[in-house]
Amino acid sequence: MSALTTAPFLLTALPLVGALIGSALWNRPESLRVCVLLTTMASLGAIGLFAGSQPTAAPPLLVLLPLMAFLSLLGQPAHPRHRSAWLVTLLFLALGLGTLAFTAPVSGLCFLGFLAVFGLSLFHYRRPTAWDAWPEFTAITLGIAAAAVGVLGAPPVSSVAWITASAAALPLIPFHRPYIAALTSLPGNLPAFLALALPVLGFQALLTTLPHVPPMLFDILGILALAGSLYASLRALARSHGFSGVAYGGVALFSILWWNVAFTQTAVSASLLFVCAVGSATGGLLLASCVLRVRYGEIGLRGLSGLAQSMPRFAVLFSLLALAALGLPPFGVFAGFFGMLLAPSFTWSGGMVLILVAWLAASWYGFDLMQGILFGPRQTERRHHEDLRDPEFASLALVLALLLALGLLPSKVFDPAQPDRTVVLKRPAWNQ
Amino acid sequence: MDVSSLLAILIAVLPLLAALIVLTARSAAQLERAKAGLWPLVLTFVGAVGTLVLVASTGPISLRFYNPSSVANVALPVGFHIDRLSAVMMVLIAGVAAIIYRYSINYMFQDPGYRRFLALIGVTTFVLLCMVSSANLVMLFVFWQLLSILLALLAHNLHHPATLDGAFKTFTFLRLGDAAFLGGIVLAHSLYGTIEFHDLFIRAADSPITLSPLPGIEISGPTAVTLLLFIGAMTKSAQFPLHVWLPRSLYAPTPVHALLHAGIINAGGFLMNRLAPLYGLSPTTLHVAFVIGTLTALLGASMMLTQNDIKKTLGFSTIGQMGYMIMECGLGAFALAVFHLIAHGLFKATVFLNCGNVIHKARQEPVFPPVHRPADEVRFSRLAWTTGFFTTLLMPLIILLAAHGVLQIPIIHAQGSVIFLFFIWVTSSQAILTLTRLRGLPSWKVSAAMLATLLFVVFTYLFAAERFTGFLYPDRQEVDFYFTAAALPGPLFDALVGLMALFFMVGWIYLYAETRGQAIHRPSWLDRWHAPLYLLFVNRLYVDRVYQSVGQAILRLAGRLERRSSARLS
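Sequence order for the protein chains is H and D. Read in order, the letters of the first sequence correspond to residues 1 to 432 in the working numbering. Read in order, the letters of the second sequence correspond to residues 1 to 570 in the working numbering.
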């Protein structure tokens with residue numbers, strides 16, 4: 001059996017084995033945490049080992065999933081409350097790597113499994129009074145059903161189904177609620193990990209079905225994306241809680257990606273870079289939010305201010321993460337966004353104005369978030385808490401380094417098979 | 001890699017070294033490290049001067065770390081292109097930054113954010129140097145954006161709410177310009193398929209493209225691109241109505257203002273100069289720039305007169321001066337705009353750096369309540385008024401004839417030069433007017449000295465500006481092309497100049513009569529309008545409040561959306 005055929009199996013099996021061993025360590029949270037961390041590192045090592053075997057997805061995607069799982073777990077305190085989240089992370093990792101490493105139809109089945117576990121997690125971790133959460137359950141149920149149709153059906157029905165399933169993972173209004181719920185209500189490291197994993201897998205599903213999507217559907221997707229970018233930007237502006245603000249910011253940025261894909265009817269390598277960067281930045285901000293939640297509990301970010309003085313290490317990393325998330329260079333979000341707009345397949349259109357508004361809004365709420373938490377009067381009534389512990393510092397700093405690498409590495413890394421293309425003078429359709 | 005390329009990299013990197021030196025210092029040794037950090041900046045200045053000499057003698061330095069024909073790494077195409085414009089800007093930036101850094105070593109000592117502040121000056125200098133030496137539009141934009149955030153960070157005071165509010169507004173406004181700039185780059189790339197300056201200019205000139213954004217509205221490709229880019233320039237150079245961030249940032253430390261007013265705010269003028277060949281293809285954008293610049297100059301100066309705070313007064317003075325700069329670009333006098341921004345930058349840096357000293361001294365000196373003093377008697381001085389009359393009416397004619405005949409400057413045919421001359425006239429008569437009102441011309445010796453000085457200054461300025469234009473744009477045809485592109489319709493131009501001349505002369509006549517104690521008819525509506533106008537300008541035309549209302553309306557809409565969503569779910 002060649003490396004090409006064994007690699008997907010091994011990549012999927014490794015996290016599952018780790019989860020099994022971890023469940024045996026259930027009563028020893030510290031050992032369980034180490035086991036889960038080692039499993040994610042082993043997955044990374046296995047991807048490195050099989051780097052030359054040309055898996056179906058681009059190597060950065062395969063690397064990013066275990067890397068983000070590792071980073072999200074690294075800063076977590078060894079608390080019994082987080083055990084189930086760690087094991088579910090490994091389950092998500094196994095199904096995620098399966099989605100990326102296998103070819104169809106196994107890939108589709110893995111994605112279906114991922115969505116199913118995601119749906120179950122949302123249901124399991126719902127808040128006691130959260131029966132009002134029917135929109136996210138409806139959306140994720142639709143997503144799971146659509147993925148099942150996608151696996152079983154044939155184009156064009158399967159294409160529409162795959163797009164729907166993608167929209168539940170790579171958030172597109174009106175299917176964005178599961179993504180919001182994942183980032184705001186799941187415990188432990190899951191929000192930070194899923195902030196990257198969901199969009200990456202959704203994008204992978206979108207890529208596989210893109211050539212078969214009916215042209216009319218692109219128009220609908222474009223309109224939804226434009227409306228979604230504005231709606232999500234407004235919701236992010238009105239954030240009453242930091243987690244939902246960050247989550248809606250993610251939806252706004254991913255809507256830009258949806259618009260780009262719908263408008264150009266193709267996905268360039270910069271789109272992939274954009275997905276990874278926005279996912280990483282959102283994940284990084286959620287990790288930072290976890291740090292605050294560990295110290296201050298569920299008080300809402302509006303209740304915090306002046307942390308730059310009491311937590312200087314946190315302040316530096318958080319501010320850089322916020323700047324990366326709002327799209328400043330030299331971080332990956334900017335590189336991806338800019339790369340998409342300068343791709344030869346892109347031409348200027350009226351929708352670009354709305355996209356620029358959404359981009360501008362990101363600066364507004366991103367800077368507001370950073371300024372609100374770090375600066376202003378210090379909350380003297382709050383007990384002084386220690387600055388970042390070393391593992392927390394390492395996890396945030398590595399996310400930042402990842403974002404920097406995504407921004408500085410040429411987008412060619414994301415598309416190694418693609419030769420250098422010379423830009424050809426192309427006139428837009430509305431040009432006379 | 002040759003010596004000139006190494007020099008280009010070194011100049012850009014040295015300010016970062018300064019930042020690193022000061023940032024890694026322990027608290028006990030921060031003063032020594034701060035002093036050590038000055039040397040890289042001094043070396044940067046020396047290197048910039050050397051580069052200017054090198055570029056002037058051997059031609060531009062070009063260095064690219066990417067393949068211009070590939071889109072694979074288009075998001076961060078790092079490269080340097082240092083021509084005469086870049087080199088001049090580098091000398092200005094490096095020089096001002098070194099002086100400001102040296103000033104800050106003492107001025108900011110014992111401030112809790114001492115090291116952070118000095119390091120940020122180093123980083124800002126690095127960003128500015130990279131911006132002006134960018135090899136392409138994207139790299140310029142990358143550093144342009146970094147400048148936005150650095151400016152907001154420099155203006156930050158961790159605890160002062162007004163400063164935080166100012167920093168937030170500064171960043172938001174600058175990002176508005178960034179978004180428009182981004183749109184301009186994307187449109188330019190979409191139409192012409194390149195991010196390289198040279199290729200962009202050639203393709204834009206060679207391929208006439210007309211766009212129709214709305215039914216019945218047609219716009220040329222270069223106009224659409226340059227209008228978007230111009231919005232970016234407007235925000236950075238604080239042009240009306242996007243100027244509100246500048247007065248808002250005045251709570252920042254004094255050295256920040258010096259750096260801002262001498263270096264950062266010039267970014268708009270630099271951008272227009274860098275893209276002059278593209279702007280030259282769009283008379284519409286140049287006319288828009290002329291209108292915006294003129295409005296900014298007039299309103300900025302008017303608002304300056306009504307402010308009661310020294311920093312705000314200086315801030316609005318800068319806004320007015322930036323208006324002149326953009327107006328000069330709008331007239332096609334691109335090199336003059338650079339000349340202006342250098343002169344203004346040096347002047348304003350000096351004023352701001354001295355500003356702290358004045359405030360410090362004022363605080364140390366005891367201040368007594370003002371005693372009642374009788375108003376000065378208004379006396380009429382024939383000598384003063386003769387001098388004023390001569391300056392106002394005859395000097396422009398002498399300059400016009402002398403410049404045209406002696407200096408060989410083709411001043412009569414170029415509208416830009418006429419406007420330049422016109423503003424020399426306005427400025428000099430304004431100076432005389434001020435002196436007259438202060439009764440500062442008691443003797444013929446002072447009058448003669450005043451006139452001689454003015455003539456000397458004006459001729460030197462004119463001569464220097466002309467030589468500078470020749471240095472920056474050696475090709476005379478290129479200069480003429482810009483002037484021609486920016487030319488307003490003849491009757492309109494004549495009417496504008498005539499109207500303004502009439503306005504000034506009426507002002508003179510009115511003051512003359514009033515000083516002599518002669519009764520002069522003044523329409524009653526003029527008196528009625530006086531107080532409301534003063535109120536309008538003292539409140540900065542309520543532009544801040546309009547923006548605040550728009551921001552609050554957006555937030556209310558967002559809040560309503562949030563509440564509706566919560567109510568639906570509960």
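There's no promise every hint is true.
Unchecked claim - Taking lysine to any residue pairs in the SDA-like style, the calculated list, with each CA pair at most 20 Å apart, reads:
| # | chain 1 | residue 1 | chain 2 | residue 2 |
| --- | --- | --- | --- | --- |
| 1 | D | LYS361 | D | ASN106 |
| 2 | D | LYS169 | H | SER305 |
| 3 | D | LYS169 | H | ALA104 |
| 4 | D | LYS169 | D | ALA553 |
These are calculated hints, taken from the structure and not from any lab test. Everything numeric in this text was worked out from a predicted model, so none of it was measured.
Here's how the hints hold up against the structure:
1. D:LYS361 / D:ASN106: 16 Å, holds
2. D:LYS169 / H:SER305: 19 Å, holds
3. D:LYS169 / H:ALA104: Judged against 20 Å, a Cα distance of about 51 Å means the pair is violated.
4. D:LYS169 / D:ALA553: 16 Å, holds
The structure fails hint 3 only (numbered hints given earlier).
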